[in-house]
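**Q** Based on the provided sequences and hints, a complete structural model is requested.
Residue numbers (this note's numbering), protein chains in the order written: chain A, 0 to 559; chain B, 92 to 263.
There's no promise every hint is true.
[Unchecked claim] With a straight-line Cα cutoff of 16 Å, these simulated EDC-like cross-link-like pairs (lysine to aspartate or glutamate) come out:
| hint | chain 1 | residue 1 | chain 2 | residue 2 |
| --- | --- | --- | --- | --- |
| 1 | A | K312 | B | E101 |
| 2 | A | K312 | B | D144 |
| 3 | A | K135 | A | D119 |
| 4 | B | K153 | A | D306 |
| 5 | A | K186 | B | E101 |
| 6 | A | K135 | B | E149 |
By construction, these hints were calculated from the structure, which means they are not laboratory data.
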Amino acid sequence: MGQETRMRTGARAVMEVLEAEGVELVFGYPGGAVLPLYHELAQTSIRHVLVRHEQNAVHAASGYARTSGRTGVCFATSGPGATNLVTGIATAYMDSVPVVIFTGQVPTSMVGSDAFQETDITGITLPITKHNYLVKDVDELPRIVKEAFYIAGTGRPGPVLIDIPKDVALAPCQTPIPEKVELRGYKPTYQGHPGQLRALARLLKEARRPLLFAGGGVIASGAEGYLRELAEKIQAPVATSLTGLGAFPEDHPLSLGMVGLHGKPCANHAVMECDLLVGLGVRFDDRVTGAVEKFAPQAKIAHVDIDPAEIGKNVRVDLPLVGDIGCVLKELLPLVEPARHPVWLERIKTLRNNYPLTYGPGGEVRPQWVIERLGEMTRGRAIIATDVGQHQMWAALFYGYTEPRTFISSCGLGTMGYGLPAAIGAALACPDKQVWLITGDGSFQMAMAEIGTAVEQGLPLKILLFNNESLAMVRQLQHFYYDKRYTAVKFTGNPDFVRLVECYGAKGLRITKQEEVVPVLAQAMQEECLVLIDCRISEEEMVYPMVLNGAALNEMLLPE
Amino acid sequence: MKRTLSVLVENRPGVLTRVAGLFSRRGYNIDSLAVGRTENPSISRMTIVVDGDEQIIEQVCKQLNKLIDVIKLSDITDDPHVGRELMLIKVNAEPAVRGEIMQIVDIFRARIVDIARNSLIIEATGDADKIDALENALRPFGIREVVRTGKIAMLRGAKTKGMEASGDGTGD
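**A** In structure tokens, the structure reads:
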């Protein structure tokens with residue numbers, strides 16, 4: 000309203016764009032150089048969540064974005080505030096999460112002088128952002144902020160950073176918010192090429208052992224409905240990547256679950272035996288393929304992705320198709336003839352029976368069993384955030400995801416300390432959903448200060464902490480690759496996590512015996528406050544299956 | 092295999108860093124990179140010569156295309172084009188050998204642009220082969236300094252690789 004000539008500061012202009020973009024929530028941590036933005040933020044209805052460390056502001060924005068499908072936003076100050084963001088930005092970049100990050104910068108006149116709290120954050124984040132800006136002219140600010148949201152949320156999503164010098168934020172800004180974004184160098188391809196679509200339909204018709212492989216791209220484009228329609232129409236089994244968990248319901252008869260170095264045995268065997276593998280919004284990460292030259296040896300590979308640079312990057316591709324998964328599947332469906340593959344599905348059934356997902360003998364409380372119970376008790380509907388380590392793989396394998404946007408994890412970068420702040424973002428994005436954080440004592444201690452944020456925000460998070468007083472995934476690597484010489488993986492100074500959360504005013508519970516599992520999980524669900532369950536497990540637990548370096552996916556180590 | 096890429100980019104600060112940084116962090120080798128403004132002051136053209144197998148070149152092109160500031164990218168190696176670079180070369184030139192040097196300069200249709208007591212600066216343009224040949228021909232006299240621009244290139248005939256020739260802007 001009447002922004003034509005009204006004099007406002009650059010910072011005020013930023014808020015106008017945020018409001019126009021429908022931003023309701025910002026995560027951040029203030030400091031001198033970003034105070035102009037905070038000053039104006041207080042005049043808006045946008046809610047600010049004060050985290051305990053800047054890295055967690057990005058993680059929280061990323062958890063918010065993954066669960067809501069909307070772009071997350073965070074603020075930090077210049078210098079150390081900005082550099083603390085780096086791991087969070089890289090995490091969002093690797094998993095293609097839309098986040099817009101605002102950093103304060105020293106005044107333009109001091110830029111480049113190594114001033115107090117100055118860093119070249121656009122230089123530092125160049126390789127880990129989809130795009131970034133250092134704003135030098137206040138009149139460019141409205142355009143840049145609008146562009147940033149557009150770039151972050153379209154095409155292959157990703158983080159975009161805007162660095163705003165203090166004087167620019169305070170300068171009068173006369174330019175209105177532009178009507179639309181015009182970027183001549185950025186035009187993502189959404190619709191699939193008609194010829195390639197027909198070629199893919201033909202491959203699907205000819206295939207006798209087709210396998211659909213769904214990744215995060217399916218979830219990012221909201222294509223899970225089309226995926227299910229296609230799978231049922233052609234009776235093809237569906238495997239997912241780690242980021243793709245929830246893209247296809249795991250209680251569906253055609254679901255195989257996760258593929259990869261710790262993938263489900265049946266899914267890994269299916270990859271090795273299929274004659275057509277259709278990758279949908281996946282990157283063919285090295286943790287998926289195992290030895291790449293042995294990957295899917297009998298299959299033609301079709302790869303659909305919105306990012307042309309992903310196609311052919313890691314695996315040979317027989318049929319490339321650039322486009323948004325949702326658009327492509329929608330256009331593909333009418334071209335595809337219904338099919339039946341009784342022999343192939345019979346084979347899948349045999350694989351499933353011959354290679355069940357098991358976890359062999361172990362300690363008193365089996366984490367895999369605990370996660371299975373949690374999956375049953377929440378009927379696979381709760382949002383599960385995880386950290387990184389053994390618990391992450393158990394959470395991926397044993398929970399049973401039935402809905403998209405319910406598995407929140409640092410998949411590509413493998414960032415420990417991601418889970419708690421991401422769970423905070425998820426809980427704020429989805430107040431009507433139950434949010435569980437599954438974590439380990441190693442990861443949790445990287446971000447446990449955020450318990451303060453969660454309690455302050457009144458979030459009824461449920462934290463299932465598998466406590467073996469060690470870094471057991473690293474220990475597992477040392478077991479297999481370093482002659483069982485367990486170096487630097489034992490924690491002897493862990494706090495009592497139950498008392499720790501209680502001193503924040505939250506509730507702590509403990510599991511030390513198997514018969515306590517179900518009652519304690521049930522009690523946690525009943526509580527209306529934040530609950531942490533300190534679940535004691537053996538440090539000798541292993542994640543199985545495990546594909547060792549250089550092996551093919553079907554050469555998995557399985558528990559005895 | 093050397094490929095010549097002609098890349099239109101936004102004429103903005105930091106664009107060169109984005110392009111050069113992309114090459115270094117993904118481990119690609121730039122043979123040469125020349126940048127200058129085009130007929131449109133808001134657009135610069137980079138001519139990049141890059142060495143690598145087909146798969147590397149494909150990745151380079153796709154990654155370059157992902158940069159928001161890259162407007163249009165074309166691999167013009169196989170299209171008929173005029174490719175030139177400029178060299179300034181300072182050679183030792185005692186009066187006794189100046190005549191000989193001037194003959195060489197004439198043969199290569201280069202120019203002498205500076206004369207000092209014991210040295211000359213020669214300016215030459217041409218494709219990389221010619222420039223290399225001239226440098227080799229002058230080497231016996233003693234080369235003090237060489238500055239080369241790297242290759243710039245333009246398609247022959249009426250064809251352009253400008254904005255109007257761009258199809259969908261994705262370049263693939």
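**Q** For a quick check of understanding: which of the numbered hints are violated here, in increasing order?
**A** 1, 6
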